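Visitor: If you want the building blocks of each chain, they are given just below.
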Amino acid sequence: MRQDFIKFPLHLIVHPFDSFWDMKYEGKGKVRVALTILLLVVISMILKDQFAGFLVNYNDPRHLNSITQLFTIIFPFFLWCLSNWAITTLMDGEGKFKEIMMATAYALVPIVIIYVPMILASRFMAEEETAFYYLMMTISSVWFVALLFVGIMTVHQYTVLKTVITMLLTVIVMGIVVFLGTLVLSMLQQIIEFFVNIYRELIFRT
Amino acid sequence: MIAKKWLLSLMAASLLIVYAAPAPAHADSAPYESYNYNYWEEAVPAPAAYIPDRTLSGKDLGVGDFREPGDMAVAASGLIYIADSGNGRIICLDPDWKVVKVINSFDNQGAEDTFKNPSGLYITEDGNLYVADTDNGRVVILSPEGELLGMVEKPASDILPADFKFIPVKVTVDQAERVYVIAKGIFEGIMQFDKNGEFIGYVGTNKVQRDYAEYLWRLVSTKAQKAQMALFVPTEFSNIDVDAKGFLYATNIDPGSKEPVKRLNPSGEDVLKRFGYFDIKGDITYRTAVGSSKFTDIKVLANGMYSALDANQGKVFTYNDEGDLLYVYGGKGNQTGTFKIPVAVEFSQGNQLVLDRGKGNIVIFKPTRFGTSVNEAVGYHYNGEDTLAVPVWREVLKLNSNYDIAYIGIGKSLLMDKKNKEALKYFKLGMDRDGYSVAFKRYRREVMQEHFGTFLTAVTILVLAWLSYKLFSFWRRKRRLTASRQASPNLKEGNAHEAGFH
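Quick note, the sequences are listed as chains A and B, same order.
Its first residue numbered 194, the first sequence is counted upward by one per residue in the working numbering.
Its first residue numbered 170, the second sequence is counted upward by one per residue in the working numbering.
For the record, the hints were derived by calculation from the structure and aren't laboratory data.
Since we're looking at a predicted model, the values are computed, not measured.
Please note that a few of the clues may not be correct.
As the list claims (entries may be wrong) - What follows is a set of in silico ranges between Cβ atoms, one per label pair, in the way DEER data are often shown:
# : chain 1 : residue 1 : chain 2 : residue 2 : range
1 : B       : Ala458    : A       : Asn252    : 36 to 42 angstroms
2 : B       : Phe621    : A       : Leu313    : 18 to 24 angstroms
3 : B       : Glu428    : A       : Pro254    : 28 to 34 angstroms
4 : B       : Lys588    : A       : Pro254    : 58 to 64 angstroms
Ideal Cβ placement from N, Cα and C applies to all residues, glycine included.
Bound conformation, chain B alone:
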C-alpha cells in the first residue's frame, strides 16, 4: 500500500518535472524571422534551420581584435583559417577554436616577407594554403608548415593590356591545381592559372545585359552626354568555390540578374540546375528600398547543397543540387546571429560559420532539428536512397507542413514504389506538375489495364442495346407503315365523304 502511494507521488513528481522543463530551443530563440518561399512566391514563416550558438571575436581567441577580416576557409583536416586582412595575418584555429598558429610572415628566398591586406583564402586537400595577397598583387602559396611553395604574380600575356594591374581578391584551386583568381577591375571573367602560375585565360564571362530603354536613350543623346553615362560592362564576380567534381561555383553582384549564382564546367559554361519554382537569386520578393540579394560568398556543402551569403540583407540561402531553396537564416542587426557586413560563410563539423567583417567576429550557427532533418533527407535523395529519405521527410513535414520539397521527395519515392495514386496526392501538395504528370500517366494506364475488360463489356452491351433498339423501332415503323397503307384507302374515302358533306 505504502509502495503504491510512493509510486503515485513519484509519478506525479515526474509529470511535474516534465511540464516544468524549459521549452526546447526553437524558432523563437533566433533573432531573425525564418521563412521560405511557397509556390506562389510568398514568404511563408518556417521553423529556423540554423540558430546562432555563439560568437567569437579575435579577443575571445586571444590573438587581439580582428581588423576587417576578409575571408575564412576550412581545411579537410578541420583546421579553420581566417584572413585577418587589416592586420595582415592569417590565423589558424583547430576545430575546437584553439589557436594553432598565427602566420604573420613567411620566408621568401631568405628574406622575411609579409602580407598586405590578404582578402582571399583557399586550402587544398593536401593542406596547402593559397592566399590572395591583394595589395601586394600576388597569390602566395604556403605549405601546411608555412614554407613558401610558390607565387602567382602579375601575368604577362598578349591579351592583357600593358598597364594591367593585378589585384587578386578571391582565390580557389581545383584538383588539377589550376588556380582561379577573381581580381578587382577584371570584367572578362575569372582568371585561370596553371599549377606553375602561368596565365591560361578567362573562364565564365558574365554576359552583358542590354537595357533597351537605355539603348534608346543613348541613340538620342549627344557625345558629351554619352561620355557621362555608365558603360555597358559585364559585372565582376564576387566569389568562387569549387566542388568535388571540379566545377566552379561563382557568384556575382549584378542587381536585377536572374542568375547571380553560376556553376561553371571546365569549358566555362554555366551548368547550374535550376529546377526549383523560382530563380536562384536569394530573395524573390523584396522592398525596392532594400533591393535584391547581393551574393558575396558561396560555399559548396556535401550532397550537392550550397550556401550563398547575401551581404545586402545578411542572410544565408541554402539550395539543394536541383535549385530548390531549402532554408534561409540570418539577418542584419546587432544581436548575436545577425551581421553588419558578412563576408564569408563556411561549414565545419555540422555547423555553419559566418565571418562578419563589420563586427570583426565569427558567428557559429548550429542546426536545429528541422535543419538536421532537411540536410539528412536531401543527402538521401542526392544519393538515390529515396526510400530512406521518406521517414526523414515525414519528420520534416511534422515540423513544417508547408515544406513543398518534402512532399515532392515523398512523392518521388512513392512513384518508385509504384504507388502512383498516393504519389499523385503528394505531388499535388508539393505543386510539382512534372512529377504529377508522370504519376498520373502511370496511374491512368494502371486503371485502364485493370478495367479494360469491364469497359469493353460495357461498350459491347451498350452497342448491342442500341442496335436492338434501332432494329425494334425500324420493325415497328415498318409494321405501322403497312398498317397505315392498308388504312389509307379508307381514310381517303372518309375525307372524300367529309368533303362531300361540306
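Next comes chain A alone, as it looks inside the complex:
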C-alpha cells in the first residue's frame, strides 16, 4: 500500500526512466493509484482556485464551480489517453491503454506536490514574492510535460523524435475527436427533433 501509493510515485518523479520501465515491465503501476492521483490533481486545482492568496488569485469567486473543474481535468485526461492510444496503435506503439493512462496520471504527481504547499505559501506572500509562486507553478508544468514525454517514450518504446511527433499528433487527434463528438451530438439532436416533430404532427392531426 505504502509502496504503491507513496514510494513509487515519489521515486518516479525523480527517476522517470527507471520507474516508467518498472511500471511497464515489472507491473509496479496500479490503475487505482493512477485514478487517485487524478483525483488529487482535481482537488488541488479546486483548492488553488478557491484558496490561493488574494495577491495571486484572479478568479471571480462567483464563477467558481468544482463540478466544472472536475470535468475540465477529467475530460481532457481521458481524451488525451484515448487519442494517444488511437494514434500509437497505428504507429507501432507498444503501450496498452492502461499503460498510457498510468503514465499520464503518474506524470501529474509534481502538480499535486507543488500546488498544495504553494497554495498555502501564497497566502503569506507579499506582491514581490509572488514571482516565486509563479516560478514554482511553471516548474510544476514543465516537470509534468517532461515526465509525460518520458512516460510516453518508455511505454511505447519510441525514439525521441517519434515521441515528439506522436505527442503533437495526439493533440491534433484530440481536436478531431472533439469535432466528431460535437457533430454526432448535433446530428442526434436533429434526429430526436425530427421524431418529436412527427409525434407532434400525429398528435395534432388526430
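Please build the complex by placing chain B on the supplied structure of chain A, with the hints as guidance.
Guide: The following block gives chain B in isolation, referenced to the frame of chain A:
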C-alpha cells in the same frame, strides 16, 4: 392629564407627517440608469451622482432660440458664456442665468466685424474671451468689455503647406497666454501659438495605430485598390482644456483607442495617471451596434477630477486624478436630463452644465447626496487629508456599498494610521492588490515581531525534544544490540540444535 393626551396626539401627528412626507429625490427621479463598473468590468447599478435640475433654452433666457450652439465656458468670475454658433453670437450670462450681454459684433480697427460660426470659447483668469471664429479662419481675443485685443490668424510657417486652410474649432489658453487651437483637418496635433499669435508648432500628436490585418491586405492589393482604401492617418483631437498647472487635457475620437483622453505636459507627452482597474475610455462594455464612447468635450474640475462628455451615448464620465471612474450620468433621449447632441460640459457653482446642440438648450445637473459625498471625499484624498476623508467615504458606502474607491480610500487611511489588519480587509473589499500587498507586508512584520520570542522558544523546544528522542532511541538500540549480541551465541546454538533434529 390633558396635557399628556395632547402631547400624545401631537406625537402621533408628527409621526404621521414624517411618514407622509414625500420620498426625497433619489436615483429613480433621473431619466437614466446610473451605474459604475466593478472590478470584474461589469456595469453595476449605482445611485445617481447628478440629477437634472432644469433646462434652459435661448427662449427661456429671452434672447431667442439658440441655433446649433457649439461651446460653453464658465469664467472665474462665475459668468457663463455660450457660443451660439448658428446665430453668430456670444451670449454672456450671470450665475443666476440672467443675460448680461449678447456679443453680436466687435470693433475691428474702426470697422464693425462679426463672427461666422464661432464654435469654440475660452475665458482666461483675467476674463479675456478667446473665440474660435471657425468660418472666418481666426481666433478673436476680446477683453471683458468687448474690445478687440488681438487675433490669431492663418499662420505662416515653413512646416505648413501653401494651400493650408486654418479652420479653428476649439481653443484653450494656458497661464503663459500660449494659445492652443484644435483645427479641422489637422492630424499633426494641437496647434500652439505664442501670446503674439505666432505659430510655435504642434503638441501631442496622436500615434497611428497600425492594423496588421489591414497591412497584410494592403500587401496583396493592387495600386488602384490601395488608392480606394482609407489612409493610415492619426486621429484628430476633439477638444481641449487646461488645468491649473498648465497641463492640457485633450480628447480624441478614435474608435478602438484605449487612450482617448490624454493629459499633455508642456513637451507634449501624455502623463495622464491610469491607475484604475480599466482604461479611461468611457464605457468598458458596450453593444457593438452602439460602439465605444466618443469624447467630444473635457472639463477639468477641482481636486484633479475631470469630466469627459461622450457624444455617442450622451453620458458624462467623471474620473479622479488617479484614473478611477467616479460616476456616470446622462443618456440619450428626449426627457429632461437626456441629450440629442451634447457638445460641451461645464461646471458652475457645484452644478454641472451640459450644452445640447441638438435641442439647443442647457441642462443643469445638481449633485445628489451621493455625488456631493464622493466629490468631498475625493477632494480630501487629493489634498492628502485621508483621515478627514474616512467618515465621508463611510457615508458613501452607506449609499453604495459597491463603491470600491471608498473601500480603497478607507484602507489607505487605515494604513497611514498603522491599522494594518483592518486595512487588509478594506483593500480586499476594494480589490486593490497593491494596497493589500503593502498592508500585508506590514502586518506580517508586526506579527513576526510580536511573536518572534514565542516562535523561537517553540522551535528550541521542538529541536531539543527531537534531539532527546534521537538520543534516547540511539541509547535503546545500543542496549538492545549488546543484549542481542549476548543472546546470539545461544540462538546459534539453538538453531544448530533444531537443525540437528531435522
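Visitor: Does the hinted range 28 to 34 angstroms hold for glutamate 428 (chain B) and proline 254 (chain A) at CB?
Guide: holds, 31 angstroms
Visitor: Using the C-beta atoms of phenylalanine 621 (chain B) and leucine 313 (chain A), is the stated range 18 to 24 angstroms upheld?
Guide: holds, 21 angstroms
Visitor: Is 58 to 64 angstroms respected by the C-beta to C-beta distance linking lysine 588 (chain B) and proline 254 (chain A)?
Guide: At roughly 25 angstroms between Cβ atoms, proline 254 (chain A) and lysine 588 (chain B) fall outside 58 to 64 angstroms, so the hint is violated.
Visitor: Is 36 to 42 angstroms right for how far apart the beta carbons of alanine 458 (chain B) and asparagine 252 (chain A) are?
Guide: Roughly 31 angstroms apart at Cβ, these two residues miss the hinted range, so it is violated.
Checked against the numbered hints above, the structure violates hints 1, 4; every other hint is satisfied.
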